[in-house]
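Student: Model the full assembly from the supplied sequences, consistent with the hints where possible.
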Amino acid sequence: MSDYQPKVLGFLCNWCCYTAADSAGVGRYQYPPNLRVIRMMCSGRLDPSFPLEGLAKGADAIFVGGCHPGECHYQDGNYHALITAAMVHETLARLGINSQRFLIDWASAAEGPNFVKIITKFTENAATLGPLGTSEGIDPTLLRQKLAQAAETAKDRKLRMNLISASKEMMKNGDFSRPTIAGLVHDKCDKILTELIGASVP
414 MSDYQPKVLG FLCNWCCYTA ADSAGVGRYQ YPPNLRVIRM MCSGRLDPSF PLEGLAKGAD
474 AIFVGGCHPG ECHYQDGNYH ALITAAMVHE TLARLGINSQ RFLIDWASAA EGPNFVKIIT
534 KFTENAATLG PLGTSEGIDP TLLRQKLAQA AETAKDRKLR MNLISASKEM MKNGDFSRPT
594 IAGLVHDKCD KILTELIGAS VP
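Convert by adding 413 to the 1-based position in the sequence shown; the result is the number in the working numbering.
Derived from the structure by calculation, the hints contain no laboratory data.
It is possible that part of the hints are untrue.
[Stated by the list, open to error] Label pairs and their computed distance ranges (CB to CB):
1) T593 x T554: 34 to 40 Å
2) S578 x Q558: 28 to 34 Å
3) T547 x A523: 34 to 40 Å
4) R573 x G509: 23 to 29 Å
5) Q418 x S512: 20 to 26 Å
6) G509 x Q443: 32 to 38 Å
7) G440 x K585: 39 to 45 Å
8) H486 x S548: 21 to 27 Å
9) Q488 x A523: 18 to 24 Å
Glycine is no exception: its CB is placed at the ideal position from the N, C-alpha and C atoms.
Tutor: Right under this line is the structure:
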């Protein structure tokens, strides 16, 4: 593992992942102290601008944690979170940012050890990547400026409507695999993202 101590920002679901993190602390499980947590009632409330703004304002990596699919306290919030996550990954690709800097994963309230395993591995990967811009070979100041612009772009009304359309189609088809969702978001949002941000970096 690299000696670099990455700044990791986490958005955790109140009912599952946040509780798992809490139980890990109560159980005295050891995991890297790099994570700074923002608690949400549901991962489905994650706005695509949040992770982008987090990276723009100093984070090296973003983690989103929720309930396991099928166990959401709000029925299907975490499925919609996968749409948001795909949108974030799509945006990062267009900015030339390593996809390993953003992760969405699941841990139930009873899975403190699993949460520890997930966040430890993610932090180690972030440490290996180094400060934002290092592994990408991009000036960090310029990159954070682009991320701030992308966070504003993520609030575009037309883009939001396309994401809603993607969510509806996902629920209708019942296919929740990440590659399928990524393809769905790309198809729905490619044109508007190309206009607002630019094409994906090869």
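Student: Could you run down the list of hints and mark each one as holding or not?
Tutor: Checked hints:
| no. | hint | result |
| --- | --- | --- |
| 1 | T593 x T554: 34 to 40 Å | holds (37 Å) |
| 2 | S578 x Q558: 28 to 34 Å | holds (30 Å) |
| 3 | T547 x A523: 34 to 40 Å | holds (37 Å) |
| 4 | R573 x G509: 23 to 29 Å | holds (24 Å) |
| 5 | Q418 x S512: 20 to 26 Å | holds (21 Å) |
| 6 | G509 x Q443: 32 to 38 Å | holds (35 Å) |
| 7 | G440 x K585: 39 to 45 Å | holds (41 Å) |
| 8 | H486 x S548: 21 to 27 Å | violated (36 Å) |
| 9 | Q488 x A523: 18 to 24 Å | holds (20 Å) |
When the structure is compared with the earlier hints, a violation turns up for hint 8 alone.
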